[in-house]
Every structure is written in C-alpha cells, then in structure tokens.
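Given the coordinates of chain A, work out where chain B should sit on it, guided by the hints.
Those sequence lines, one after another, are chains A and B.
Numbering-wise, our numbering puts 421 at position 421 of the first sequence, and it's gapless, one number per residue.
Numbering-wise, our numbering puts 391 at position 391 of the second sequence, and it's gapless, one number per residue.
Since the hints were derived computationally from the structure, they do not count as laboratory data.
From the three backbone atoms N, C-alpha and C, an ideal C-beta is built for every residue, glycine too.
Be a bit skeptical, because a hint or two may be false.
[Said to hold, decoys possible] Pulled a few chain A residues facing chain B out of the computed Cβ check, cut under 10 Å:
id : residue
1  : L38
2  : K39
3  : V124
4  : E125
5  : D351
6  : V397
[Said to hold, decoys possible] Just the calculated beta-carbon pair ranges, DEER-fashion:
id : chain 1 : residue 1 : chain 2 : residue 2 : range
7  : B       : P106      : A       : A181      : 54 to 62 Å
8  : B       : D340      : A       : K368      : 58 to 66 Å
9  : B       : G159      : A       : Q312      : 52 to 60 Å
[What the hints assert, rightly or not] Restricting the straight-line Cα-Cα distance to at most 30 Å, the calculated cross-link-like pairs of lysine-lysine (DSS-like) are:
id : chain 1 : residue 1 : chain 2 : residue 2
10 : A       : K141      : B       : K135
11 : B       : K122      : A       : K12
12 : B       : K88       : A       : K151
13 : B       : K135      : A       : K276
Each chain, written out:
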Amino acid sequence: MDFLSLAMDTAKSLGADYADIRIQKSHTEMIYLRNLSLKNTSLQEVYGYGIRVFKNGAWGFAHNNVFSHDAVNETVKKAFAIAQQSGRIRHGKGLVLAHERGYIDTYKTPFSIDPFDVPLSEKVELMMEVNKTMLNFAEIKLAIFMLESRKDEKLFASTLGSRLDIQTVYIEPTFTATAVAEGDSQSRTFSLGGQARGWEWVRSLNLTDKAVQIAEEAIMKVHADSLGAEERRDLILDPNHTALTMHESVGHPTELDRVLGWEADFAGISFATPEKLGNYQYGAKIVNFVADNTLEGGLATAGYDDDGVPNQKWYIIKDGILNEYGNTRATAPFIGMEMSRGCNRATNYYDFPINRIPNLYLQPGKEKLTPQELIADTKDGVYIEGRGSFSIDQHRVNFQFGGDMFWEIKNGKKIRPLKKVIYKSNNPEFWNSVDAICDERFFQTFGIANCGKGQPGQRGRMTHGGSYARFRNIRVGGSQ
Amino acid sequence: MITRDQMQKAAEFIRKNCRASDFAFGINGSDNLLTRFAQNGITQHITGENLRVSLEVAFDNKTGTATVNRLDDDSLKYLIRTSENMAKLNQPDPEFIASEPAHELPEVNNYSDRTAELTVEKIVDAVVKCVNNAKAKNAKVSGISEKNIHNTFLYTKNGFEGFDQSTSFSHSMTMKKEGVETKVSKSVKDYNKFNMSGLIEQLNSQFDSLQNPVQLAKGRYPIILRPAAVLNWLVYLIWTFDRRTADEGHTPFTDQIGKQFFGEKFYFRSRLDDPDLATSKFSSDGIPGANMDWIINGVIKNMSATRYYAKLKNLKAARPFNVIVEGGTATEEEMMKQVDRGVIVNRFWYIRPIDRKTGEWTGLTRDGVLYFENGKIQKSVTNFRWNEILHDATKRILALGPSIQQEYYARIPAMLIDDFNFVDVTTF
Numbered sequence: 001m002d003f004l005s006l007a008m009d010t011a012k013s014l015g016a017d018y019a020d021i022r023i024q025k026s027h028t029e030m031i032y033l034r035n036l037s038l039k040n041t042s043l044q045e046v047y048g049y050g051i052r053v054f055k056n057g058a059w060g061f062a063h064n065n066v067f068s069h070d071a072v073n074e075t076v077k078k079a080f081a082i083a084q085q086s087g088r089i090r091h092g093k094g095l096v097l098a099h100e101r102g103y104i105d106t107y108k109t110p111f112s113i114d115p116f117d118v119p120l121s122e123k124v125e126l127m128m129e130v131n132k133t134m135l136n137f138a139e140i141k142l143a144i145f146m147l148e149s150r151k152d153e154k155l156f157a158s159t160l161g162s163r164l165d166i167q168t169v170y171i172e173p174t175f176t177a178t179a180v181a182e183g184d185s186q187s188r189t190f191s192l193g194g195q196a197r198g199w200e201w202v203r204s205l206n207l208t209d210k211a212v213q214i215a216e217e218a219i220m221k222v223h224a225d226s227l228g229a230e231e232r233r234d235l236i237l238d239p240n241h242t243a244l245t246m247h248e249s250v251g252h253p254t255e256l257d258r259v260l261g262w263e264a265d266f267a268g269i270s271f272a273t274p275e276k277l278g279n280y281q282y283g284a285k286i287v288n289f290v291a292d293n294t295l296e297g298g299l300a301t302a303g304y305d306d307d308g309v310p311n312q313k314w315y316i317i318k319d320g321i322l323n324e325y326g327n328t329r330a331t332a333p334f335i336g337m338e339m340s341r342g343c344n345r346a347t348n349y350y351d352f353p354i355n356r357i358p359n360l361y362l363q364p365g366k367e368k369l370t371p372q373e374l375i376a377d378t379k380d381g382v383y384i385e386g387r388g389s390f391s392i393d394q395h396r397v398n399f400q401f402g403g404d405m406f407w408e409i410k411n412g413k414k415i416r417p418l419k420k421v422i423y424k425s426n427n428p429e430f431w432n433s434v435d436a437i438c439d440e441r442f443f444q445t446f447g448i449a450n451c452g453k454g455q456p457g458q459r460g461r462m463t464h465g466g467s468y469a470r471f472r473n474i475r476v477g478g479s480q
Numbered sequence: 001m002i003t004r005d006q007m008q009k010a011a012e013f014i015r016k017n018c019r020a021s022d023f024a025f026g027i028n029g030s031d032n033l034l035t036r037f038a039q040n041g042i043t044q045h046i047t048g049e050n051l052r053v054s055l056e057v058a059f060d061n062k063t064g065t066a067t068v069n070r071l072d073d074d075s076l077k078y079l080i081r082t083s084e085n086m087a088k089l090n091q092p093d094p095e096f097i098a099s100e101p102a103h104e105l106p107e108v109n110n111y112s113d114r115t116a117e118l119t120v121e122k123i124v125d126a127v128v129k130c131v132n133n134a135k136a137k138n139a140k141v142s143g144i145s146e147k148n149i150h151n152t153f154l155y156t157k158n159g160f161e162g163f164d165q166s167t168s169f170s171h172s173m174t175m176k177k178e179g180v181e182t183k184v185s186k187s188v189k190d191y192n193k194f195n196m197s198g199l200i201e202q203l204n205s206q207f208d209s210l211q212n213p214v215q216l217a218k219g220r221y222p223i224i225l226r227p228a229a230v231l232n233w234l235v236y237l238i239w240t241f242d243r244r245t246a247d248e249g250h251t252p253f254t255d256q257i258g259k260q261f262f263g264e265k266f267y268f269r270s271r272l273d274d275p276d277l278a279t280s281k282f283s284s285d286g287i288p289g290a291n292m293d294w295i296i297n298g299v300i301k302n303m304s305a306t307r308y309y310a311k312l313k314n315l316k317a318a319r320p321f322n323v324i325v326e327g328g329t330a331t332e333e334e335m336m337k338q339v340d341r342g343v344i345v346n347r348f349w350y351i352r353p354i355d356r357k358t359g360e361w362t363g364l365t366r367d368g369v370l371y372f373e374n375g376k377i378q379k380s381v382t383n384f385r386w387n388e389i390l391h392d393a394t395k396r397i398l399a400l401g402p403s404i405q406q407e408y409y410a411r412i413p414a415m416l417i418d419d420f421n422f423v424d425v426t427t428f
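Chain A extracted, bound-state conformation (with noise of 0.2 Å):
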C-alpha cells in the first residue's frame, strides 16, 4: 500500500474528522558570491512528510522523514493525539473546515530548462561576470549576487479522496553594489523578487547590462543629496516599489487569519475587519487588487493550496472598496463563507499550512497613460524605484517605506538623484490619494519570496504587480 493511502487509512480508522498528508521534497540551491569570493554554493534537499489531523474541531500535526509502514501510522498516531490535545481548548466551539470536495490531479510550473539542469558553472560565470561589471567602476567597493534556485515536489492525499502531485519551481537572481565615497556607503539593487520560471528566464534578463546600470545608479546615489524636512509632496512609485507597499498595507491586512486575531501574539492582527467588508473605503476609486493564484510566473501558482484547495482568481479590493479576503478552510467559515479561497500554504514538509497572501496585483489604470506623462503631470513630487527600509504596525494602518533609488520631480521633469529618501503614510490614507495609474502597457510583476510569518517562522512566497502609479499629498522627507 501506497504511504498516501496508508496514512489516510489510519487517520479514518482512528476516527479523525478529517486528514491529510503532505509528501514533499524540496530541493535548494545557493550561490552567494559576495565580489569575487564564493561564499556559499550549496544544495539542500529536504525531504519528508508532514500529515494532519483534524479532530471535534482541533488541529494535530506532526512529521517525520522516514518512510516506513511503521513510521506513518506512528506519525498520524502523533498528529491525532495531539489534536485531542488541542481539543481541551477549543477554538471558540470549535474550528469548522469550509465545504471542499477531492481531487485527483497535477500541476507543474511550465517551464523550457529547468534551473537544476543547468551546469553550475554557468550559473557561476554569468555571476562572476555580473560582480566584476560592477567592481569595474572605482567607487564600488561591495558587489554581492545571490542565485536561488528552489524546487518542490509535493504528494497530497487527503480523506477527501484527493490525490495531487504537484511541481513548482522557482529562480532569484539578485545582486547589489556598493558605493563608498564622501563618507557615505549607499546600495542600488537589481530585484525582481523571483518569478517561477526557468533558467530561459535568466538568461532573457541580460543581467551584465543591467549590471552597469546598477553600479552607475549607486554611485549617482552615493553622491545626491538628500531631500531635507518632511513636507506633503506627490509620490510616483515604480510597480517593483508598490510590490511591497501593496504587500505590507493590503495583502497582509487581507489575510483572514490575521483578521481573526489568530496572529495576535506575533505578525500581528489587521485594521480590515470584517464588518468593512463591502463598505470601507480602502482606496480610490480606481484602486482595484486582484488576488490571482493563477497568474502565470506567480510564486503562489501552485494548482492547488496545502488543503487542497484549486487555485482561484478574485477581487481583494474592487473600485477601492474592500471585497473579500485571502482565506483557508479554517478561516473562511469565520465569516460565513462556505467555500475557502485556497490560500493555505507550508514552505517545507514539516510545516503546519498557514493563511498567506495569494499572488496579488494593482489592476492598471484604464486610461492610456505613461510614466514619462505622468512625470509630466507632475508639479512637486518624487520618484521612487525599487524596495528599501519598510515598517508597519502591527494592525497595518501606519507605515513608513523607503526605496532603492530616489529622483527629485519639479515642474514635469525629473531635475536630480536623490538620497536618504522616506515616507509615511497609513491606511486608508495612501491607497485613497491614488490618482492615476499607467495602462496595462507598463504592467510588471514582482515575486516575494521571503514573507515571514507563523510560529515556527516559515518563509512564504507569491507575487505582486501593477503599473506606475501616482499617490497625491504624501509626507515625504530625507531622513536624518
């Protein structure tokens, strides 16, 4: 008998409500080169099964990495006495999963070379290359590429009849430089945050140019000014930046777990209650977030979730109203929804499957509109590229965000660099001073793939995206 159907076997015969397992191996490979010093080049495999059980409305999980007859039926044994356990304090009456049917079906991130295929001197030439374009210009002291490559292979079976198999990959090359002058050290990044593709990717990205463009800006960055006192200015964000604003300010907030209180003692709970739901003005009225789980790339395309949900496609935030939630079987019923939404993931197999942030997007404006106009339009404001400092309460109302590289915005024209840039913002503030975003043309998306979160902490990933937008009257400054 196969593992899958011997676990679900003992969980029914144990008299569990409900179960599954979770047969995965993950594969990770890292190359860290830090100027032209290899620090790290590794590859983990990590390899096991996690299975739980869901017991008069309490969760029990436990995992194990042998795979013996003996080993499984002692591992489900575990995760149900642990979930009677959990049933001394019960959540409320009782946690409800929402109504699910079995699947039995795959789903492979499509992609032409598998990054595990690739010879690592490839891998390691192509960063070389990158660090010494970099180290070529006198004021870059610190060049430093990091190449994740990560596979998952997952087995899913639960005591609702499904059996999935599922492949996902994932690639991030990311690399910085380093400007020392004047005193000052300041960092330009080249980021996309991953995307799950293959190495064909990689290679369209012509990363030796954007090397120089990199080494260029931090040197510009290391020699600007800084902006001096806070004042109300207009912000024009790049969509890499926005990938993390809409990140920390929309798609945590969003997540049902976190409504609920359950992240009360760590990542924190959320101002988007439940009873905005339909009625809160989040943002302006042409703010629109698309949970897509479907997108293709997105980190969070899996076919399914960890409850063996399908993946989905919905409104987060529609015409700047707050629509509906990121949610799991055992959140969604909280709010009366019978159906979850499938955003319940776990990084590793030994990993209990957490509410997470579904690939998320800022729809783009409808209006055709460019950067270069919007610059135009644009009397006193500043320009910001990529992720810098972040910080957010713990309810996701007030945050302040800085970014990778800064231009000054006076009368339509972007007049110089800047440095030390900072603004702060809160929510419904941020989102409602919208007032244009650039057309589907300019369109990106971004990965995240280190989201910490839970207890132990795990890393999760999904993607975010959206066109150049403008946000009105925002307290921008340099800091100290």
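Chain B only, in chain A's frame:
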C-alpha cells in the same frame, strides 16, 4: 532523537569516503513540540524531529556544500557525491580558509532534563492556565508554548570535533480586550527556572495599567525602555556589528574600534559562565565559544569577525555567543523621578534600517505605552513611530535597571534614555 554516537558514526563514514582535500561535516538534530493558541483556543499543534546534515568540501580552494535531512549511508554517499561535484565545477575562492583544527572547547551547560522531559499534556496545562486567566478578565489571549531539544555536532578533516546538547522552553502571551493589548514572553534553558504564575502576574499588571489609551503628540521624550524593548533593538545592532563591513566603510563603526562610540553607561558582553544563559560551545564553522567584551564603558573593544577576516587582519574570530548588557540599580519608580516626564515602552516592533551608514533605524512601540509625569504614571497612550540613531541614543542613557534574564540567551536591563525621537503617532 539523533544521538552523539550516531553523529560520530556518520562522521567516520565521511572521513573514510570523502576524497576532498578539506571538509567540514555538521549535524543539527532537534526534537520540537509547539502549541500555538489564539483568541483563547489552540490553533496549531506541531510535533516532530528535524535533522540537518551538511557537508562542505574543498578541492584546494574550490568549495561546494550539500545538505540533506537524513543520515543513512545512501544519504551520506549522496552528500559526498553532490558536494564534491559542486566543488569540482566551481571557481576558486580567493578568500578560502581551511576548516578548523582541533580545539579545546569550553565546558558549557545548555541542557536541562526537566525541559527535555516536558510532555504535551504539561504544555497544554500551561496554555489552559493562560486562557483561564484571560477569560477571568473577559479578554482574549494568544501566544505560543514551545519546547526544543537540540543536538549539534561538527567534525572537520583538520581535526575539529565538537558536540553540544541544549534545551529551551519558550512561552509568550498577548492579551487583548478592545483597545488594550499587551504581551509578555520568556524563554529559559531550564524549565525549573520558568515561573508561569509570575509571567501571568506581569501580563495582568501590564494589562491593567493600559486602560483607555489616549494619543500623545509626537516629539522627543525621555523614555524608559523595559528589557524586552531593549533586546528588540539590540539584536539589530548585533546584526550590523561586524568588523569587516565597518572597515570597508559601510556602517557607522568605521574606524571606531577602541573609541568612545557608545554612551559610557553602555556595556555589552558575552559570557560562558552565566548560570542561567545558554551559550554556544562552538559556532557552526568551529569557532570555540569564548568570553568576549564587545563594548565596555561605551568603548568598542571587539566586533564580530569571520574566520577569514580574522586571519587576514590578525584578529580573534568571534561572534556574540550570548548577550549580556550590564545593568544598574535603578527601579522604574526611581527612573520616573529622574526626569520631569516621559513614556514607558514595553516592546518595539518592526525595526528596520533607514540608513546603514549613519546607523539610523526606524520602528514602532508595541504592547503598551505609558505616560508619566512628576514621578508617577499618568495615563496609557497610543503607539509611536521612532527614527533614531541607536548608538547615539546610548549616549543619552540616564539610568539603568538591574540586568534580568529576558530570553534564554540574553540578560538585559531597563534603560532610561533622554530625548528619544518619536516622529509619528499611530491611530491605536
């Protein structure tokens, strides 16, 4: 749970079969039990063992590392084959450094039978106590209760062999009712030293003091940071407290070794002989644990240095093996009388660098802020955002409380700091 004998047997297999000119073989095994509760009920309950088996090999100065989570012969063969193949395909590392030789390792005691023997029933009993306390206050409590046992092993081609066994128990609780939320947490290596009743009493005391918070204007205030808040920012200081990045000009510590860079009341050390604190017998790359003075009387004495950089610059390779910040004798009541007015902060949250070179950081207060004036607490206030150059803030330390064990690896005092820079207020 993987034993020392099993680890040594695996090391012997590697020694016999690995053909690389150098290698370092590390094993980390752990047995974990974690109960997570929220809104007065258990939401997660996890048990299982974890294993990380890692082999870093070198052919001259070409390196490769492979890691698996199993220890059978086939897995060890895979480990050798994979790491050797990677190294052979790799480019030379100009900063390669050979694995550590044999060392006499310090005697440390990181293990407690009492912690190791904790059962799931006992842990759930503790959670029941927390939930009943919250219900008595018509409040909701969320948190974790967690037990870990770790076995760590390192073996190198050059003769290093080290083994350490450690335990930890951690418990945290956030109690919330309407606009009031506050948190306490504690971790210990020895469950005998854990006082649940005392922690619940502290939670209740904080909770009762925080009723009906009002907003206070942003600005510079004297601030009493309770130990948890001090540790919140100290971990970020430690993160950047690296000799190489300082020497290369990327942090505020450039050219500051031996100089009065912090406030003179600020002392930061690592000690192996603190009876309550866990420490590292050796680091993952074989640096033996050692007593270290990092900052004494505000003067930077040592900074973290990797094995490569230490050899290059003739320094001692070291990193903080635990965290001890020297305290004073001031009580919170005495601190409140030292200044006209100020705020008391339980914890910080979401600390991030604004500018690594100047050492400016941002963060928020969390889990309760109190305003005091004329030596007495006057009211509970809503949260602030702060932007501060934290090493400069240590120059404004006016008083220190006794240094207490805050986590299993850290002993920290409360601090009274003048003119802390609150740049924004939050809406709750």
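Handout entry: Hint validity - V124(A) Cβ closer than 10 Å to any chain B Cβ
Key = 5 Å, holds
Practice task
With a cut-off of 10 Å on the beta carbons, see whether K39(A) makes it to chain B.
Solution key: 8 Å, holds
Practice task
Could you check if D351(A) really has its C-beta closer than 10 Å to a C-beta on chain B?
Solution key: 8 Å, holds
Handout entry: Pairwise hint evaluation, K12(A) against K122(B), where the allowed Cα distance is 30 Å at most
Key = At roughly 27 Å apart (the allowed maximum being 30 Å), K12(A) and K122(B) satisfy the hint.
Problem - Cβ distance range 54 to 62 Å for P106(B) and A181(A), holds or violated - result: Violated - the Cβ-Cβ distance for P106(B) and A181(A), about 43 Å, lies outside 54 to 62 Å.
Handout entry: Agreement of hint V397(A) with chain B interface, Cβ distance less than 10 Å
Key = 6 Å, holds
Handout entry: Pair hint outcome, K135(B) versus K276(A) [Cα-Cα no greater than 30 Å]
Key = Distance ~27 Å between K135(B) and K276(A) Cα, so the pair holds.
Handout entry: Proposed interface contact between L38(A) and chain B, which counts if any beta carbon pair is under 10 Å
Key = At about 5 Å, which falls below the 10 Å cut-off, the nearest Cβ of chain B leaves the hint on L38(A) intact, so it holds.
Exercise for the section: With respect to the beta-carbon atoms only, verify the hint that D340(B) and K368(A) lie 58 to 66 Å apart. Expected result: Given a distance of about 60 Å, which is inside 58 to 66 Å, the answer is holds.
Exercise for the section: Confirm or reject the claim that G159(B) and Q312(A) have a C-beta distance inside 52 to 60 Å. Expected result: 57 Å, holds
Handout entry: Status of the hint placing E125(A) at chain B (closest C-beta pair under 10 Å)
Key = 8 Å, holds
Practice task
Given the hint that K88(B) pairs with K151(A), test it: the Cα-Cα distance must not exceed 30 Å.
Solution key: 23 Å, holds
The structure does not agree with the numbered hints 7 and 10 stated previously, though it agrees with the rest.
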